[in-house]
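All chains, please: the whole structure from these sequences, using the hints.
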Amino acid sequence: MQRLKLFLGCTLLLASQITSGQANVKGWHLLDPQTDTFNGISLNKTYDLLKSKKATPVIVAVIDSGIDTTHEDLKGILWTNTGEIPGNGKDDDGNGYVDDVHGWNFLGNKDGSNLKKDVDERTRVYYRFKEKFDGRQIDTTQLTTDEKWQYREWQKAAQQMNVDPDEKMQVMMLGVLAKSLKKNDAVLRVEMGKEAYTRDELEKFEPPTPKGKQAKMGFITCLKMLNVEEDQTNQDLIHDLDEYVSGKKSSIDAKEVAPPDYRAQTVKDNYYEISDKYYGNNDIMGPDAMHGTHVSGIIAAQRNNNIGMDGVADNVKIMMIRAVPDGDEYDKDVALAIVYAVDNGAKVINMSFGKSFSPEKKWVDEAIKYAQAKDVLIVHAAGNESHNVDKTDNFPNPNLITFNTKATNFITVGASGDAHVAAGKLVADFSNYGKETVDVFAPGVKIYSTLPGGNTYGFLNGTSMAAPVVTGIASIIRSYYPQLSASQVKYAIDKSAQANNTITVNVPGSDSTTTLNELSQTGGFVNAYTAVEIAGTLKAAPPADNKTKQTKKEKQPVFVNPREGKN
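Numbering (mature numbering (1 follows the signal peptide of the UniProt record, and there is no 0)), first residue to last: -23 to -1, 1 to 544.
Any given hint might turn out to be false.
Label pairs and their calculated CB-CB ranges [said to hold, decoys possible]: (1) Q460 <-> G4: 26 to 34 Å; (2) I378 <-> F110: 16 to 24 Å; (3) E180 <-> T382: 50 to 58 Å.
Think of the hints as simulated: they come from the structure by calculation, not from any bench. Ideal placement from N, C-alpha and C gives every residue a C-beta, glycine not left out.
See below:
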């Protein structure tokens, strides 16, 4: 059961919930370690430092699940494609995407339908290459370079596809728990006279009937088992638990029976042809915009408007590119999303997603290399599995094996915490880490930001929240020091995370400790003030090659199709 509670505590709510009893402090990630005693990024000091400087607008692409375009704190910071006439059904700017006014949705169809969920990449890889490799003597010396990569990925997937009996039992128990919650919730909503309530409100409520008392006791027992926070509502809990159980059941079933090809049923492009790239629709909100809305708010929610919360960066326009379903993203969508962002003027790309398999890594590698050539910085979340990603695969990454080189425009971000909000842990217990592969740590525990539906806000945790903090810092530098290159911005951010080999921190996912410099390349926490100070000392880079706008006729990556991987 402890294993189950830990697992749920790290993954249930998209970006992990932390055990109750710790403070929810709105905006702690923006505070100053010395003045405010929070392990934040010193943002107020940063803007004091910049108040005499002129800022230029910066376009930030967010490749994610979608965004609430009507949110009070976000609608004013959406990127607008001035080359498009909204709603006329034409590709006015000639970039290949019709009515892409605020971005693009690579998970949609021209008829307006959208892909919401899909299976994990491991399952897709296993069944895609099973007929080709399973039960056969494979002479790797006879395989092409592409086939060798596919065989590597398939072998890894095959080793992981055995169904764990404990996992089946856990999911069954959670299903029973979910039914109990719903049954008790139906009684409590009637007796409390409200549809939504928090744990704190429930604990203070005195049911008037024996049935209500029994329902309260049962509901609270479930809450304790799941480590639910006091301010989480019954509606959110039941919704998230249902989604989690459904996803795990699908994953287990997929180990025994090939799942449907959800993407093919909806998107209907030729997935194996990267040249078939003008698919999708302009619905950047999509069916579930929670993750992308929260990420976007962290980066650039309107500052100083006396509502909601403040994003890290001002003078930013958010370009939403929907490419992340409920399940693992597809390499083709990610690659084309990066290219779209670059071609439409983004200077920073936030990618708060990841997976452990990448069958078309060559496409993503080429897109990252293209972004580097066009001087676009990419910020990527390290992941929430408590893994040492020096030893395990985590994609996308800057190791461009297709080109035998490492990208210089790519930052990988782990999640840091604070003694006030994370049980005294300076490194988030869920965060991936790696002395060679994770660049910096940034605040990612109990981050308050925008949520979709009715101008709402809430706390989420994860490296998905840490990455946009760094994206915000990068956007500030690109806005106030536009002469600096993407690699120079990365340098300033890396150097702001000053190495510390004296601070003892927890090793995520274990009871052991180490020094901070053993968990990332820089061995430190990012600081906006220090990063901007460093940026101010750097000399201008050579002129960037990133045009504000390209048409589909101008040079883009020449992708190579992995034809031999198609069944």
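### Query
When you take the CB atoms of Q460 and G4, is the distance between them in 26 to 34 Å?
The hint (26 to 34 Å, Cβ to Cβ) holds, given that Q460 and G4 are roughly 31 Å apart.
#### Entry: Beta-carbon spacing of E180 to T382 - inside the hinted bounds 50 to 58 Å or not
57 Å, holds
### Task
Could you see if the CB distance from I378 to F110 stays within 16 to 24 Å?
20 Å, holds
Violated hints are absent here; each numbered hint is respected by the structure.
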